[in-house]
Amino acid sequence: MPRPKTTLTFPIERTTLDNGLRVVMAPDRSSPAVMIAAYYDVGFRSEPQGRTGFAHLFEHLMFEGSVSLEKGMHDRLVNGNGGIMNGSTRNDFTNYFEIMPSNALELGLFLEADRMRGLRLTEQNLAAQVAVVKEEVKVNVMNQPYGGFPWLFLPMALFETWPNAHNAYGEFADLDAANLDDTVAFFDRYYAPGNAVLALTGDIDPDATMRLIEQHFAGIPARDVPPTVDASEPVPSSERREQRVDPRAPQPAIALAYRTPDPITAFDEYCALILAGSILGDGDASSLHQRLLKRDRLASHLSAEVGLVAGTFEVRGPSMFQIAVWHPAETDAEQITKAIDEEIDVLADGVDAEELDRFRNAYLADLLGAIDNLMARGMLVAATEQQRGRAELINEIPAALAAVTPEQVAEVARTWLRPHQRALLEWQAGGGR
Amino acid sequence: MSAAPVQIPAVGRPKPLKVPPTEERTLRNGLRAIAIRRSTVPRAEIRLRIPAGGVYDTGDGTRARLVPETLLGGTGTRDSVAIARDLQRLGASLDAGADSDDLVVRGGGLAGNLPGLLELLAEVVTDAAFPADEVAIARDRVAQEIIIQRSQPSALASEALRARLFGKHRYGRPMPDPDAVRRIGPAPLRRFFEQRVLPRGSAIVIVGDMTPAKALDAVEGALGGWKGRSQLDKPSAPAPASIGRPTVLVARPGAVQTTIRLGGPALSRREDGFFSLALAVMVFGGYFSSRLVKNIREDKGYTYSPNTMLDHRRRASALIINADVGTEVTAAALLEIRYELGRMAASMVPQEELDQARRYLAGATSLAVQTQAGLASYVDGLVAAGVGLDFLRDFRRNLEAVTPKDVQDAAIRYLTPRGLQTVLVGDPAAVSTTVGAFDDLEQR
Numbered sequence: 002m003p004r005p006k007t008t009l010t011f012p013i014e015r016t017t018l019d020n021g022l023r024v025v026m027a028p029d030r031s032s033p034a035v036m037i038a039a040y041y042d043v044g045f046r047s048e049p050q051g052r053t054g055f056a057h058l059f060e061h062l063m064f065e066g067s068v069s070l071e072k073g074m075h076d077r078l079v080n081g082n083g084g085i086m087n088g089s090t091r092n093d094f095t096n097y098f099e100i101m102p103s104n105a106l107e108l109g110l111f112l113e114a115d116r117m118r119g120l121r122l123t124e125q126n127l128a129a130q131v132a133v134v135k136e137e138v139k140v141n142v143m144n145q146p147y148g149g150f151p152w153l154f155l156p157m158a159l160f161e162t163w164p165n166a167h168n169a170y171g172e173f174a175d176l177d178a179a180n181l182d183d184t185v186a187f188f189d190r191y192y193a194p195g196n197a198v199l200a201l202t203g204d205i206d207p208d209a210t211m212r213l214i215e216q217h218f219a220g221i222p223a224r225d226v227p228p229t230v231d232a233s234e235p236v237p238s239s240e241r242r243e244q245r246v247d248p249r250a251p252q253p254a255i256a257l258a259y260r261t262p263d264p265i266t267a268f269d270e271y272c273a274l275i276l277a278g279s280i281l282g283d284g285d286a287s288s289l290h291q292r293l294l295k296r297d298r299l300a301s302h303l304s305a306e307v308g309l310v311a312g313t314f315e316v317r318g319p320s321m322f323q324i325a326v327w328h329p330a331e332t333d334a335e336q337i338t339k340a341i342d343e344e345i346d347v348l349a350d351g352v353d354a355e356e357l358d359r360f361r362n363a364y365l366a367d368l369l370g371a372i373d374n375l376m377a378r379g380m381l382v383a384a385t386e387q388q389r390g391r392a393e394l395i396n397e398i399p400a401a402l403a404a405v406t407p408e409q410v411a412e413v414a415r416t417w418l419r420p421h422q423r424a425l426l427e428w429q430a431g432g433g434r
Numbered sequence: 416m417s418a419a420p421v422q423i424p425a426v427g428r429p430k431p432l433k434v435p436p437t438e439e440r441t442l443r444n445g446l447r448a449i450a451i452r453r454s455t456v457p458r459a460e461i462r463l464r465i466p467a468g469g470v471y472d473t474g475d476g477t478r479a480r481l482v483p484e485t486l487l488g489g490t491g492t493r494d495s496v497a498i499a500r501d502l503q504r505l506g507a508s509l510d511a512g513a514d515s516d517d518l519v520v521r522g523g524g525l526a527g528n529l530p531g532l533l534e535l536l537a538e539v540v541t542d543a544a545f546p547a548d549e550v551a552i553a554r555d556r557v558a559q560e561i562i563i564q565r566s567q568p569s570a571l572a573s574e575a576l577r578a579r580l581f582g583k584h585r586y587g588r589p590m591p592d593p594d595a596v597r598r599i600g601p602a603p604l605r606r607f608f609e610q611r612v613l614p615r616g617s618a619i620v621i622v623g624d625m626t627p628a629k630a631l632d633a634v635e636g637a638l639g640g641w642k643g644r645s646q647l648d649k650p651s652a653p654a655p656a657s658i659g660r661p662t663v664l665v666a667r668p669g670a671v672q673t674t675i676r677l678g679g680p681a682l683s684r685r686e687d688g689f690f691s692l693a694l695a696v697m698v699f700g701g702y703f704s705s706r707l708v709k710n711i712r713e714d715k716g717y718t719y720s721p722n723t724m725l726d727h728r729r730r731a732s733a734l735i736i737n738a739d740v741g742t743e744v745t746a747a748a749l750l751e752i753r754y755e756l757g758r759m760a761a762s763m764v765p766q767e768e769l770d771q772a773r774r775y776l777a778g779a780t781s782l783a784v785q786t787q788a789g790l791a792s793y794v795d796g797l798v799a800a801g802v803g804l805d806f807l808r809d810f811r812r813n814l815e816a817v818t819p820k821d822v823q824d825a826a827i828r829y830l831t832p833r834g835l836q837t838v839l840v841g842d843p844a845a846v847s848t849t850v851g852a853f854d855d856l857e858q859r
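Chains as they are written, first to last, in this note's numbering: chain A, 2 to 434; chain B, 416 to 859.
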């Protein structure tokens, strides 16, 4: 079969303003829409001790009014001109974005510049958003069986240091303790132009856009930039186990987590682990699917992926490989982990080139599908520029995956997927309604 | 901080929505095929929709649910592993599922391998074998999925609301009983497949980096030999729900939130007045800048993500309001939802507020169809509803014709506290006294 085209060639342009704001552009004029994204170098990992959930709470406040705009104006200006907007808080960044018809590009730039310049923080808005965030945690975690499984709780089991292992959504006591002085200080420290990347993706003319960016952002004064968080910590030397009881879950589940090669400094090895993970757990042809769901019938559903909640490629510092397995009460964690260990051993003994090619092919095809989405593409461009200074990575991933050899895949399995290095989260079913 | 006078940048007119090159053909066996070129990435998306969904299962609903779950479990010539590996070689994926109306195979992959993917798809829909071991695995998995789904408050609320809106019609009973699922064997699945998975009445949509005419030739080459005629039975539409019934309270003792759902009938995309209703929904609660979000999220902090939507099935459309609120503010939130509903009916929407909603809906729709997958799903949704492709072309013009009076008229008919059924999933000990002060409650 001839190898079909899988290359990407998005042009990338970048510049840095005098105030330190880094700008990256990935023009693509195939559709009349543009994504304007501001990525700030502040995430869960930046949160001070005792202030769990603060980065995310602060994200909510960025929509509550800025220098020139009353509360609600930002949303009305974006929505009312045919655009969508959102923000999200992740391990290594907090992002804010608008996807607008390209005729509204300048409006989007104005809106991001206005809140980079300053916020209108009030006691009343803070109290309302503390309440909203608590309802968010309830709907996504507390009121929902399997809420937070495994994305919120698995890193707490795998990691030991504060930046990686604290409750990123926030303890309610910490959220309630937030006060206006903290929010002002947080903005001053982390929302400096030099701590941000502005990424424009989609239907833009780079030269004209650059002039608009200068016009709206160059006047924001430079401030000190905080040092990058060092979230490094040693790989576990013995298995870490945690149990959680979910009172309303009808069936148990387990999740395993392993550390990975560094996603930036060891990118080639990281790509090898992505494909190792794919062979183990990606789809019906994967070895764990065949073993756990088909041959041994130990489980009803499984998923496997490399990355944190931020994604696979949008992580700086420690990342993880996770396997989540939903199983009936008749089977247990020991049987399942034993079967997983055996399948990892098979992988570590060697990988067939044809098999690797199949999984690589499927992974690449999925990645191309994801990148077709302007939001996913704009996020990848922005995060890779923020974390690596290399938005070109979007074009380089296919080649990096293509270069992975069977021996590298076996090697990462031997080095990184050992039982004594992992965490095991047992999710116990209470079975109530 | 004092606000300096600022100039908010002006926004010009949006570029017109371009519908990319489209070709359509109906094959001799009755299969309708639509191909659209979008070359943003070297992929193609496929949606194959077959009238074999829940409404065609006259029994307990297990066959319509399990046939798609085992469709990729093997054919006369390939077992499930061979199918999965061949899909990987093609750089493609296929996934089958069913909604209340149709069986849908969704997939996609590298555009250069589209003919090979269509050949594999054809083999699956003409020659699925339903091997006993695959059926045994799938039925256990599906039973577990249903049990897990029913543990979710949103699923409990949705089931209770659908039962209220659609009664004993299949639309009112979307999930089969897990015990019945565990008992089914291959033979009834094979019979349902043979009688129902047929080309007449089916439609395939392809969107991707290829010439539309060539894609249709590939469809004809692969699926032209798909044979068989289904009986032309027409499942009935659900009877209209009666109004004025008590509020349903599904007990979930100790729940920290109440899952609030309100629902009622709505207009389909084929009916006059649809665009007025669509804009009434937007203004009320359909987007972030809507009245409902401003009231119960931004001003009061009762909830994280309230929303309102139109849910279209082929034989009925519904309007649904969602809000998951703190247990202690359940009655207060319900009162605010009904206040905002009443306000929609009682007074005319200001022109600027309507224009904002109009621009949002036009813009969000343009964004939704900018990816291959988004456009494929959108067109597939039109096909499912029996709506022509010119719906998308005329969308903006039809929105522009709607006046504030039209929106009020739509709200009076469809967005009224009186006309909507209410379902709550929450802690009866904490909410029944306060909610009971203004609603009759039927506790479950």
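No wet-lab data here; the hints were simulated from the structure.
Glycine included, each C-beta is placed from N, C-alpha and C at the ideal position.
Be careful, since some hints might not be right.
Unchecked claim - BS3-like cross-link-like pairs, simulated, lysine-lysine; straight-line CA separation at most 30 Å:
(1) Lys709/B / Lys629/B
(2) Lys72/A / Lys583/B
(3) Lys72/A / Lys642/B
To be verified - Computed from the model, here is a short list of chain A residues facing chain B with C-beta under 7 Å:
(4) Asp76
(5) Glu137
(6) Lys139
(7) Val140
(8) Met143
(9) Arg249
(10) Ser301
(11) Ala371
(12) Asn374
(13) Ala377
*asked:* The hint names valine 140/A as touching chain B; please verify it with the least Cβ-Cβ distance against 7 Å.
replied: This interface hint holds because 4 Å falls under the 7 Å limit.
*asked:* Hinted pair, alpha-carbon criterion (30 Å max): lysine 709/B, lysine 629/B. Please report holds or violated.
replied: Not satisfied, since the Cα-Cα distance of roughly 50 Å exceeds 30 Å.
*Is the shortest C-beta separation between alanine 371/A and chain B less than 7 Å?*
9 Å, violated
*Holds or violated: arginine 249/A as interface residue toward chain B, Cβ cutoff 7 Å?*
Because about 6 Å separates arginine 249/A from the closest Cβ in chain B, which is inside the 7 Å limit, the hint holds.
*Hold the hint about aspartate 76/A up to the distance rule: shortest CB distance to chain B must be less than 7 Å.*
Holds: closest Cβ of chain B sits about 5 Å from aspartate 76/A, inside 7 Å.
*With chain B as the partner, please determine if lysine 139/A meets the hint condition of a C-beta pair closer than 7 Å.*
5 Å, holds
*With a cut-off of 7 Å on the beta carbons, see whether serine 301/A makes it to chain B.*
4 Å, holds
*asked:* Would the hint linking lysine 72/A and lysine 583/B be met if the CA-CA limit is 30 Å?
replied: 47 Å, violated
*alanine 377/A as an interface hint toward chain B, with CB separation required under 7 Å*: 9 Å, violated
_Given glutamate 137/A as an interface hint, is its Cβ closer than 7 Å to any Cβ of chain B?_
Check passed: Cβ of glutamate 137/A comes within 4 Å of chain B, closer than 7 Å.
*With a cut-off of 7 Å on the beta carbons, see whether methionine 143/A makes it to chain B.*
For methionine 143/A, the interface hint holds, since the closest Cβ of chain B sits about 5 Å away, which is under 7 Å.
*Does the structure keep lysine 72/A and lysine 642/B at a Cα separation of 30 Å or less?*
It is violated: about 61 Å lies between the C-alpha atoms, which goes past 30 Å.
Comparing the model with each earlier hint shows violations of hints 1, 2, 3, 11 and 13; every other hint is respected.
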